[in-house]
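Peer 1: As a plain string of letters, each chain reads:
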Amino acid sequence: GQQVMQIPQYQHVQEGEDFTTYCNSSTTLSNIQWYKQRPGGHPVFLIQLVKSGEVKKQKRLTFQFGEAKKNSSLHITATQTTDVGTYFCADLSGTYKYIFGTGTRLKVLA
Amino acid sequence: EPEVTQTPSHQVTQMGQEVILRCVPISNHLYFYWYRQILGQKVEFLVSFYNNEISEKSEIFDDQFSVERPDGSNFTLKIRSTKLEDSAMYFCASSPTSGGGNIQYFGAGTRLSVL
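Chains as they are written, first to last, in our numbering: chain A, 46 to 155; chain B, 251 to 365.
Among the hints, a few may not be true.
What the hints assert, rightly or not - Under the rule of at most 27 Å between Cα atoms (straight-line distance), these lysine-lysine pairs were calculated in the DSS-like manner:
hint, chain 1, residue 1, chain 2, residue 2
1, A, K142, A, K115
2, A, K152, A, K81
3, B, K307, A, K104
4, B, K333, A, K96
5, A, K152, A, K96
6, B, K292, A, K152
Unchecked claim - If you want a taste of the chain B side facing chain A, the calculated C-beta under 8 Å gives, among others:
hint, residue
7, K292
8, V293
9, S305
Rather than coming from a laboratory, the hints here were simulated on the basis of the structure. Even glycine gets a Cβ: it sits at the ideal position worked out from N, Cα and C.
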């Protein structure tokens, strides 16, 4: 079945540093969603990417969908302690089924 | 703000027992999902549900699992005979639309501990 991998698995950064997580698939990605899960919390929707090469921004967060639709990335500029959590990408596989990536756990050191 | 609510927040059960996890999706949503997350691991799709029937299910969702929407508001996940490996956080989610347009809203989850 489809495998959606994220790298890195863990990332520790100093507050103010940038952070990037990459989402890669063994098959062509269909429709990527990004979620954030705070420690002890539940996934919260951040953004959806549909088109090849698409770039979307939300304040300090930049989301990108690869030209070949085999990967996606989330970049956070100047991290803050509130950015702590695990970031998951999820690909639409079928009409009503999302396959989540392995996640990247971000820790921000003040 | 509308939210998905799940009860109980924590369920402890003995191996072999049946459990029912309950969810109340957001009221005007049409699509419902169950996911599970073993501690520290990724979120795994179990099943999606629309128009009173299962739309898609994963390999994890075997004959021990069933879902139901008994009264138009609740959405339940039943595990017939729990195993130790069923211990996980179970998340319910709902969305107003399908396919490429759906944003999934997750509940806070039920932590299932099988002893």
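Peer 1: Among the hints numbered above, which are violated by the structure, and what are their numbers in rising order?
Peer 2: 3, 4 and 5
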